[in-house]
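Q: Now for the letters of each chain:
Protein chains: 2
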Amino acid sequence: MFQTYDDPGGPILGRKHLPRLRKALKEAGLDGFIVPHEDEWQNEYVPAAYDRLAWTTGFTGSAGAAVVFADDAAIFVDGRYTLQVRAQVDGSLFQYREFDAGSITAYLRERAPKGGKIGYDPKLHSPDSLDRLRSAVEAAGAQLALLAQNPIDAIWADRPAIPTAKVTLHKEEFTGESSTSKRHRLGGAFKGQAAAVMLTSPASIAWLFNIRGGDVARTPLPLGEAVLRADGTADVFLAPEKVSPELREWLGNEVSLRPSEELPSAIAELRGKRVRVDPSTASAWYFDQLNAAGAEIVRGEDPVVLPRACKNAAEIEGSRQAHRRDGAAVSRFLHWVASEGQTGKAQEIEACQKLEAFRQASGMLKDLSFDSISGAGPNGAIVHYRVTNKTNRKLARGSLFLIDSGAQYLDGTTDITRTVAIGRPSKEMKDRFTRVLKGHIALSRVRFPKGTSGHQLDALARMALWEGGLDYDHGTGHGVGSYLGVHEGPHRIAKFVNTQPLEPGMIVSNEPGYYKTGAYGIRIENLQVVTPASGIDGGERPMLGFETLTLAPIARELIIRQMLTKDERDWLDAYHARVRDAIGPQLDGDAKAWLELATAPL
Amino acid sequence: MFQTYDDPGGPILGRKHLPRLRKALKEAGLDGFIVPHEDEWQNEYVPAAYDRLAWTTGFTGSAGAAVVFADDAAIFVDGRYTLQVRAQVDGSLFQYREFDAGSITAYLRERAPKGGKIGYDPKLHSPDSLDRLRSAVEAAGAQLALLAQNPIDAIWADRPAIPTAKVTLHKEEFTGESSTSKRHRLGGAFKGQAAAVMLTSPASIAWLFNIRGGDVARTPLPLGEAVLRADGTADVFLAPEKVSPELREWLGNEVSLRPSEELPSAIAELRGKRVRVDPSTASAWYFDQLNAAGAEIVRGEDPVVLPRACKNAAEIEGSRQAHRRDGAAVSRFLHWVASEGQTGKAQEIEACQKLEAFRQASGMLKDLSFDSISGAGPNGAIVHYRVTNKTNRKLARGSLFLIDSGAQYLDGTTDITRTVAIGRPSKEMKDRFTRVLKGHIALSRVRFPKGTSGHQLDALARMALWEGGLDYDHGTGHGVGSYLGVHEGPHRIAKFVNTQPLEPGMIVSNEPGYYKTGAYGIRIENLQVVTPASGIDGGERPMLGFETLTLAPIARELIIRQMLTKDERDWLDAYHARVRDAIGPQLDGDAKAWLELATAPL
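Sequences listed follow chains V and Y, in order. Each residue of the first sequence is one higher than the one before, counting from 2 in our numbering. Each residue of the second sequence is one higher than the one before, counting from 2 in our numbering.
To be clear, the hints were calculated from the coordinates, so they are not data collected in a lab. Relax, there's no trap hidden among the hints.
BS3-like cross-link-like pairs, simulated, lysine-lysine; straight-line CA separation at most 30 Å:
(1) V:Lys-428 / Y:Lys-451
(2) V:Lys-183 / V:Lys-367
(3) V:Lys-496 / Y:Lys-496
(4) Y:Lys-567 / V:Lys-428
(5) V:Lys-451 / Y:Lys-517
(6) Y:Lys-567 / V:Lys-431
(7) V:Lys-367 / V:Lys-172
(8) Y:Lys-496 / V:Lys-567
(9) V:Lys-431 / Y:Lys-451
(10) Y:Lys-567 / V:Lys-567
(11) V:Lys-451 / Y:Lys-496
(12) Y:Lys-567 / V:Lys-496
(13) Y:Lys-428 / V:Lys-451
(14) V:Lys-496 / Y:Lys-451
(15) V:Lys-567 / Y:Lys-431
(16) Y:Lys-367 / Y:Lys-172
(17) Y:Lys-451 / V:Lys-517
Please model the complete structure; the sequences and the hints are all you need to start from.
A: This is the structure in structure tokens:
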């Protein structure tokens, strides 16, 4: 099993570690220290060996920061983690503060002692955020102190091992393009602007060199760096333990494999060159090093981001295969919920384990793509819920059960949410579910002109909820990688402005929801890929649309038929017919019979 | 009659005036001159006395610019004016160039002679655009030269009179709030930030002091300036000819009326003070003067813009009255089109005149709110068409006729577009019309959470067109003033990002369209006001919605009934019932009988 159900954080950590950190800071002559959640690679899932925020505070959420002074400390988390932070972090040690643009700087201005020195680890901050922190600290009459070593790492007695998983080769049947072709294509594109690009994001390294790693849970990332030159040649920096002879051969003679320790000297070799680097993913350390080396920095987006998002034919076909396989596992699971899961005795963790077992049974599962969100009743209303042995609830009759999960296969990454009734749902539950479904269908069916961005489509998914005076407080869709991150940019569908137009080949989730605090949560999520919408009768302009990738029944028992228009019913019936055709042949017995009913026309 | 149908511009103007301007530039030692369309007040409708672009080139569109060198010249217009500029401007004298961010600067970089002096009038450029022009000119090795007088004004022999219409008092029954209250409310709001605000926009002067003017066609603006101090007192600068004793009394003793010539000395009085000024509406001249005076400039939005946009109860009720009155005139006109207009002999100008006469007959018409767009057949496909004696077309049978018009009444400003069939419409015309109507209905019915901006709703108006591979290349909605500008910010509904949330009381147009070049145009436009959407059964969040203000039948003969959902048909029937109830009692005879049919349930 990949997922575990203990709670790795908790107030005990802060109580144990905060005094040790303060002692170390005092010995180093520091008056304070900033502890961001981010690691050296800006990972979304931070390996345990780099989760310094959890070590310091006990908080294990996916975003946040802490600031520690000799006589005060604060933890900063956003609205998603208001409850979690209170459970995991001792409020007598850390003030709870909002994690937004001005909040950390306000705290620094308030509390940094005049003449004091506030330490920071340059590998953990972007240059822009560091500028803001510096202004705040200086406004308080103190100063920032760049530290050569992170003081937490120096005193972290039982620090988990630094991950050194062997890097694997990701074959062209899955990638559809050789690394040579990618490197020359990208190098040619930035040639006029820079001599080289500094690649600091592991997902970019993975895509560009057609490799994967095992350093990070849930995403097959190799932690490493690279320099790509305009002529298509490159240096890749990896810990030697991760390197096999096959990898050397795979990378070919245009790519030099170098040990991670050589990164600083490799940067020094860039003296006098124009080097592009992405301030949104590369830490201040790179800017310091490049400046010190006498390179000319060109700030610009990581050139891998957009090509990686636009999947090619092989990647799209891979994703279709992955979704057919995954849809069978999810359908088996939904059959289990519809039968054994209805007794009132099944539990959230049991459900996760069942689903994981069905995915394992395919023999192809490499990992989950994230820890499953398995929320029964009121736990379903917690948008970023993660079940632990302590919070584990029964799937009670008369409630809803929401499960958001995904898998990593060599041919694709999946992410699906289904909400089902346990026992008899209320009229209100069905009304809300049908509104969410109407939004999901609108965003699935829409055609839109080339050049349209995600924020222009977001309202379609919310309209039916808005009509009822309802809404949800999360985005509607995120990009998804190809056997890579389940959250991948640059595109997004949300209220927030995102100026990246949707391009053919981009995979994006479609996941409107509704949450009633203390009662239940609803979310319906499919992945869909942007496709040209050709052959429209009488059409005049280049239009795009979506092909739905995810294949699993949507709970018919939660739909109020009369609330759907004929077009919406037609969409659902056609979708269910696709599910039946693709998944049916993979099932047998009761599960197959159940699928027939679950996908029958409305 | 307000509207005229001659063509005030034309190639003859450029042929006559360009040589004179070049001679004047040479005598002044200048190598070039920049001629923007804007006047000193950034008016949308530029009074003839300030239309220096038309004088120089012959072009009369609402946006553009020219640059004149000794041996070359160019005119810059956007996509709306591609045809018009070719008709009005001699291409052997002026290069036609695209009017976009980089185009004028690119031309200056190309053509400005090394060591040359390029003149500009500081009252006609925003400080930001001037910075861009300066960089371009300096990149060419030339320099910008600030001119104390506009060289065109000096040689403009037959210049129309500078407008000096008497300023009128706009009563509280229409404004709903006294000037005293407005001044103290706004002054109190910026008190902490600035000692005074420099108001340079005539629409802001009109709103703040509850006055109107007659200096500009189609918008009752008084050309003038004002300084509002944080304590609510103010100076207003107007040409003495515009001032009556009643005006002095109306403004009260907290407001000093001063002649326009005193503006520079009044700015000098601001020495040492923090003065807020809006770089998007105030010209570079103000920044130069304030700097020279030793004032501290605070860049910030004109504080009148948002309060002016959010209409109060009196303004909304006034708008309802204005729309009931205007709807009767438009309905009489649509009856005329449905009867005499069907012969195939009626003409575009005749239609405009009929409509204007019906509006005049109310006895309340102060002006049109813009020149009517009266487009028969292919002329309807020209989005910014303005009929002249030369372009006047017949309303031919088997075609569509589009008319976009509006009126200025003391209690409100209107703007309405209707498209009707002349003779028998084709299946395609009906399909397109029904799609446009579906978009219009979606944007009329939508409810949305507080905080939503116009760009988030834009797709609703396009979705049905997108589904057919179609779209339109203009915005979906603009703000509208209260007996003020028919185009008013800061809100907008369009593809372009507009971060101003829609607030209760904002009036906005809803005008999706479809245009088939060379064949026909379709647009359906109503004005609607943002209202709280209270009393939603089961609703949980503060929601907003729209109340439709415009009242006139929508062409039933152009609708394909089966393409509408039941909700859409219900909307249309309910709208037509409102029209019948509000307009019916104002009509009689044939017109009344026609209205009954035109508003019957679908």
